[in-house]
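Protein chains: 2
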Amino acid sequence: MEQQQQGEINIALIHHPVLGRNNETIGSAVTNLDIHDIARTAKTYGIHNYYIVTPYNDQQQLVGEIIDHWQNGHGSTYNPARREAFELVRMAGSLEEVVESIRQRRGQDPALVTTSAFDQEKTLSYSNSRKRMATGESTLLIFGTAHGLASEVVAKADYTLPAIIGRTGYNHLSVRAAVAIICDRLFGESIDQEE
Amino acid sequence: MEQQQQGEINIALIHHPVLGRNNETIGSAVTNLDIHDIARTAKTYGIHNYYIVTPYNDQQQLVGEIIDHWQNGHGSTYNPARREAFELVRMAGSLEEVVESIRQRRGQDPALVTTSAFDQEKTLSYSNSRKRMATGESTLLIFGTAHGLASEVVAKADYTLPAIIGRTGYNHLSVRAAVAIICDRLFGESIDQEE
Numbered sequence: 001m002e003q004q005q006q007g008e009i010n011i012a013l014i015h016h017p018v019l020g021r022n023n024e025t026i027g028s029a030v031t032n033l034d035i036h037d038i039a040r041t042a043k044t045y046g047i048h049n050y051y052i053v054t055p056y057n058d059q060q061q062l063v064g065e066i067i068d069h070w071q072n073g074h075g076s077t078y079n080p081a082r083r084e085a086f087e088l089v090r091m092a093g094s095l096e097e098v099v100e101s102i103r104q105r106r107g108q109d110p111a112l113v114t115t116s117a118f119d120q121e122k123t124l125s126y127s128n129s130r131k132r133m134a135t136g137e138s139t140l141l142i143f144g145t146a147h148g149l150a151s152e153v154v155a156k157a158d159y160t161l162p163a164i165i166g167r168t169g170y171n172h173l174s175v176r177a178a179v180a181i182i183c184d185r186l187f188g189e190s191i192d193q194e195e
Numbered sequence: 001m002e003q004q005q006q007g008e009i010n011i012a013l014i015h016h017p018v019l020g021r022n023n024e025t026i027g028s029a030v031t032n033l034d035i036h037d038i039a040r041t042a043k044t045y046g047i048h049n050y051y052i053v054t055p056y057n058d059q060q061q062l063v064g065e066i067i068d069h070w071q072n073g074h075g076s077t078y079n080p081a082r083r084e085a086f087e088l089v090r091m092a093g094s095l096e097e098v099v100e101s102i103r104q105r106r107g108q109d110p111a112l113v114t115t116s117a118f119d120q121e122k123t124l125s126y127s128n129s130r131k132r133m134a135t136g137e138s139t140l141l142i143f144g145t146a147h148g149l150a151s152e153v154v155a156k157a158d159y160t161l162p163a164i165i166g167r168t169g170y171n172h173l174s175v176r177a178a179v180a181i182i183c184d185r186l187f188g189e190s191i192d193q194e195e
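Chains R and Z, in that order, are what the protein sequence lines are. Position 195 of the first sequence, counted from 1, bears residue number 195 in this note's numbering, the numbering being contiguous throughout. Position 125 of the second sequence, counted from 1, bears residue number 125 in this note's numbering, the numbering being contiguous throughout.
Please note that a few of the clues may not be correct.
If chains are identical, the list can't say which one is meant, so a pair holds when it fits in one copy or spans any two.
Pairs of lysine to any residue, SDA-like flavour, derived with a Cα cap of 20 angstroms [said to hold, decoys possible]: (1) LYS131 <-> ARG167; (2) LYS156 <-> GLU96; (3) LYS131 <-> GLY64; (4) LYS131 <-> ARG103; (5) LYS131 <-> SER190; (6) LYS156 <-> LEU112; (7) LYS131 <-> ALA29.
Rather than coming from a laboratory, the hints here were simulated on the basis of the structure.
Take these sequences, add in the hints, and give me the full structure.
Listed below in structure tokens is the structure:
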């Protein structure tokens, strides 16, 4: 019910432009389990669309075949729960293409929200991000593969979510884990309300 | 600093006995990314040891080779951050073996805490679980692969964590995502304290 009062929440997983080991701009290969795990997390938390973003034709073909297998092929009948998650999965060649598709569907641009393992400018806390999304603003949550989003992507952000700190200063979560934690912080039931 | 006042928090990922598609008891194969992702999450949240539990010799050999590659082999110099995470990874043939190893190290059994995608008996809320762990009790968080922990494992639990609900009733998170979310709920900074 809460969903209907809210804007559309989407996720984009960027494979180019992202950072390499030495902070150079690279393109990364799509990881099969990134598609599966993040689709399952997205479905759990009521995300509307999950975009796999890669400009490479061969990668797009691979992703297209994986999506088709689970949306329409043998996977869809073998594992109907996985099919449900894959219904959210879309493909795009660039972040601009994602924004354009949302603009065409919704009539306006989504707020662009980047994520990072490091502190960035324009940071909005998780609780304030929850409040902002609750106003009905459509939002695109942007995650990077490899060593994170290139600075040109971060520069486009309307705001950034705080880095996940944990307890040890170790900041090398997998993107699959980071998406799960961030979705739970933004869309999960508050654990402090339970008893 | 908080760590030193606390008991030892460990994670066990069970590959046998777990549930299959039709709720029959099976043994599952080890997934490489379960080792990596959960080790990285464990390292982030200050978990002390992460046990991969499988009774199968061929699987133990595979896991041993993967651990060795990242603790001592080429992986350890290629990616030192991954080596740090792999320092937490242990192998065990059964849940009993995990408990025995903790007992020998700590002089007492840990509290056994199971996790499930479904509600179970003996459920303790996340906030109360946080409080209980803060008393200094050593804890073993037990996660199942495949379709979840077999009932004989759940029956041994001192308590169970609530299922992760999300917003849609879809309860098919990957175990990698579930571990990340649960560690964040138990050991992450409270997002309601930030501003």
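Hints versus structure:
no. : hint              : in the structure
1   : LYS131 <-> ARG167 : between (26 angstroms within a copy, 16 angstroms between copies)
2   : LYS156 <-> GLU96  : within (11 angstroms within a copy, 52 angstroms between copies)
3   : LYS131 <-> GLY64  : neither (35 angstroms within a copy, 46 angstroms between copies)
4   : LYS131 <-> ARG103 : neither (22 angstroms within a copy, 46 angstroms between copies)
5   : LYS131 <-> SER190 : both (13 angstroms within a copy, 16 angstroms between copies)
6   : LYS156 <-> LEU112 : within (7 angstroms within a copy, 46 angstroms between copies)
7   : LYS131 <-> ALA29  : neither (35 angstroms within a copy, 42 angstroms between copies)
Checked against the numbered hints listed earlier, the structure breaks hints 3, 4, 7; every other hint is satisfied.
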